[in-house]
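So the protein sequences, as listed, match chains A and B. All residue numbers for the first sequence refer to full-length UniProt numbering, where the first residue is 1 and numbers rise by one. All residue numbers for the second sequence refer to full-length UniProt numbering, where the first residue is 1 and numbers rise by one.
Worth double-checking, as some hints may not be accurate.
Partial chain B-side listing against chain A, Cβ under 7 angstroms, derived [to be verified]:
1) K45
2) I50
3) A208
4) A213
5) E217
Restricting the straight-line Cα-Cα distance to at most 25 angstroms, the calculated cross-link-like pairs of lysine to any residue (SDA-like) are [stated by the list, open to error]:
6) A:K95 - A:K268
7) A:K319 - B:Y167
8) B:K214 - A:K204
9) A:K269 - A:K318
10) B:K157 - A:D139
11) B:K43 - A:L315
12) B:K216 - A:I159
13) B:K43 - B:M60
14) A:K165 - B:K43
15) A:K319 - B:N52
16) A:K204 - B:V54
17) B:K157 - A:P295
18) B:K157 - B:K216
19) B:K214 - A:R160
20) A:K121 - B:K45
21) B:K43 - A:A235
22) A:K318 - B:S37
23) A:K318 - B:V66
24) A:K319 - B:K214
25) B:K214 - A:T89
26) A:K324 - B:V66
27) B:K43 - A:K269
28) B:K216 - A:I227
29) A:K215 - B:N168
30) B:K43 - A:W334
31) A:K269 - A:L106
32) A:K121 - B:K214
33) A:K117 - B:Q166
If you're looking for bench data, these hints aren't it; they were derived computationally from the structure. Glycine included, every Cβ here is placed at the ideal spot set by N, Cα and C.
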Amino acid sequence: MKEKKENNKAMQNTSGSCQNGNCSCGDGYQQTLNKKSDRRGMLKKLTMGLLTGAGMVNSACSITASDEDKEKSQLDWESFFQGNYQLMTEDEKKKTVERLERSYELNHGRHPDISAKGPEKDVLYGYAFNISKCRGYMDCVNACVQENNQDRDTQMQYIRIHEHKNGQINFELAEDNYFHEVPAEGHFYMGTQCFHCENPPCVKVCPVEATWKEKDGIVVVDYDWCIGCRYCMAACPYDGRRFNWQTPEVPEEEVNLNQHYLGNRLRKKGVMEKCTFCIQRSREGKNPACVEACPTGARIFGNLLDPNSEIRWVLANKKVFRLKEDLGTEPKFWYFMD
Amino acid sequence: MKNCYTNFLSAICLFIVPLMLFEACSGSHEEGAGHESLLETIKRKEKDSIENDVNLHELMRDVKKVLAEVPESERQFYVLERKSELKSFPCTNCHNVPLSSLQSDFAKQQKKKAHWEIELVHANKDIMDCNTCHDQNDLNSLVLLNGKKVDFDQSFKQCAQCHSTQYNDWLGGAHGKRVLGWADPKVIYNCVNCHVPHEPALPTRWPARLNTAKLKERQSDEN
Chain A
1 MKEKKENNKA MQNTSGSCQN GNCSCGDGYQ QTLNKKSDRR GMLKKLTMGL LTGAGMVNSA
61 CSITASDEDK EKSQLDWESF FQGNYQLMTE DEKKKTVERL ERSYELNHGR HPDISAKGPE
121 KDVLYGYAFN ISKCRGYMDC VNACVQENNQ DRDTQMQYIR IHEHKNGQIN FELAEDNYFH
181 EVPAEGHFYM GTQCFHCENP PCVKVCPVEA TWKEKDGIVV VDYDWCIGCR YCMAACPYDG
241 RRFNWQTPEV PEEEVNLNQH YLGNRLRKKG VMEKCTFCIQ RSREGKNPAC VEACPTGARI
301 FGNLLDPNSE IRWVLANKKV FRLKEDLGTE PKFWYFMD
Chain B
1 MKNCYTNFLS AICLFIVPLM LFEACSGSHE EGAGHESLLE TIKRKEKDSI ENDVNLHELM
61 RDVKKVLAEV PESERQFYVL ERKSELKSFP CTNCHNVPLS SLQSDFAKQQ KKKAHWEIEL
121 VHANKDIMDC NTCHDQNDLN SLVLLNGKKV DFDQSFKQCA QCHSTQYNDW LGGAHGKRVL
181 GWADPKVIYN CVNCHVPHEP ALPTRWPARL NTAKLKERQS DEN
């Protein structure tokens, strides 16, 4: 308590000194802008800034560094000025993707195929999950981890399979880490992942517009623009988002080289990621890896704008429901029963 | 000076604010955000003929498929071909003589015993036996309850006789699976691609993965 009081006193003292205009109080840019700096201090800062920049350019222009090293630092330098993906022209997207491919090749010796393919016309993706069919086999989770280059060390997984007792859907009472043969007597299974809401709260809260909804309904993250504040993680009512607490570890031989800029390309420490309906697959007309891997046919994926699609048949003929529908998030992920 | 300021303010009120309001309103109509529900959006944007270049024709080229014989369905679709998967098809390779003579050959130990491992775990024994599906007179094809022959590739017709609910779901897309993807051409798994016809129930088994971190945690708790 005493310390707190002293702190408060100190605060009052500094706010008092604000009146003369030269202070380091306030927050954000005011701290820097309101501060009067003397000529020597200014010079010091300028030199420091220049040195950091020069360090990066140094190896790029050095005579002694090898060509590969030069190219690496050149690519690093360019990545420093990469803009927001949403604002890039098609040409800029292509160049960015090529740079990422080259950079991976230089560092890991293998050439990934990173796509920047945009949304197709007349497509809005939707997903349906049959809770009477799912048997808790978890093949979907394995396929998802493999397809999307998820961190093996922290066992990051986009999909959760919840084991519910018959007669109740209560996620607090559900068992998410079952250790027995499945399906267990008197239980049913329910998978959750990112629901790709049509009205996504995670997108609204992002302070830097690093996450958005694409025209085909997929909610994506620009891993190079994300600042890792995790507001979106807090805003998501469905536990759909994951954070990289450490640099993701994927054994080189297991890396899926068929990648998309907004999808399964390798992430870094301190950025958000999540299910993208396997954007690298779905935009090619394929099913997401979880749908492909499910041996029970519990997972149905398709185009909501095509009245002849399977997903539309399910919506029209089955009794479907969505989670927390009252929130108005409009998930494009429905559950149904046989 | 004050006059100038009020003029400026009134200019904002008169022109810019109504303009902003108009923009906001028209924007929300176009985007369908806010008060339009997802189902309304889907209804508004749906197309009878989808115009885009996504298709799986190239990937499907190597997939063995046959056109499904479904007169009641308006849309054509394929099912996975079955016959090439059967180990000793055509059955007449062995079944070129009546069953009784094959049995006597076996008794004389001239032929190997075949199909001995098959146990029928499908419906009640009073209801089903081998002859319910296999045509005794022509083992190369299956037979329906009314005596009509069915090709092995179209075996879903066989299942549809009893499992009509599942069959309707399969036709619509709520049961079974699409091969490769959601785009055209539509190829779906035949019933027998997932269900062993002689023992169609799916087995219980261990999950493909376990949460090993949680496992360790539990073990240390127990210790």
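Review point. Hey, K319 of chain A versus K214 of chain B, does the alpha-carbon distance stay inside 25 angstroms?
Key: violated, 35 angstroms
Check your understanding: Taking 25 angstroms as the top limit, are the C-alpha atoms of K121 of chain A and K214 of chain B close enough?
Key -> The given pair, whose Cα atoms are some 44 angstroms apart, is violated under the 25 angstroms limit.
**Study point:** Restraint status (C-alpha distance of K319 of chain A to Y167 of chain B at most 25 angstroms)
**Key:** holds, 18 angstroms
Review point. Does K45 of chain B meet its interface restraint, that is, does its C-beta lie within less than 7 angstroms of any C-beta in chain A?
Key: holds, 5 angstroms
Review point. Between K117 of chain A and Q166 of chain B, does the CA-CA distance stay at or below 25 angstroms?
Key: violated, 37 angstroms
Exercise for review: Mind checking the alpha carbons of K216 of chain B and I227 of chain A for me, to see if they're no more than 25 angstroms apart?
Suggested key: violated, 33 angstroms
**Study point:** Hinted pair K214 of chain B and T89 of chain A, Cα distance within 25 angstroms
**Key:** Given pair K214 of chain B, T89 of chain A is violated - Cα atoms ~46 angstroms apart, limit 25 angstroms.
Check your understanding: Holds or violated: are the alpha carbons of K318 of chain A and S37 of chain B at most 25 angstroms from each other?
Key -> Given pair K318 of chain A, S37 of chain B holds - Cα atoms ~19 angstroms apart, limit 25 angstroms.
Review point. CA of K319 of chain A to CA of N52 of chain B, is that 25 angstroms or under?
Key: Roughly 31 angstroms between the alpha carbons, so the hint for K319 of chain A and N52 of chain B is violated.
Review point. Is the Cα-Cα distance between K43 of chain B and W334 of chain A 25 angstroms or less?
Key: This hinted pair holds, its Cα atoms lying about 17 angstroms apart.
**Study point:** Pair hint K43 of chain B and M60 of chain B, alpha-carbon separation not exceeding 25 angstroms
**Key:** Violated, at roughly 31 angstroms.
Review point. Quick one, are K214 of chain B and R160 of chain A close enough, alpha carbons at most 25 angstroms?
Key: holds, 14 angstroms
Violated hints, in rising order: 5, 8, 9, 10, 13, 14, 15, 16, 18, 21, 23, 24, 25, 26, 27, 28, 29, 32, 33; the structure is consistent with all others.
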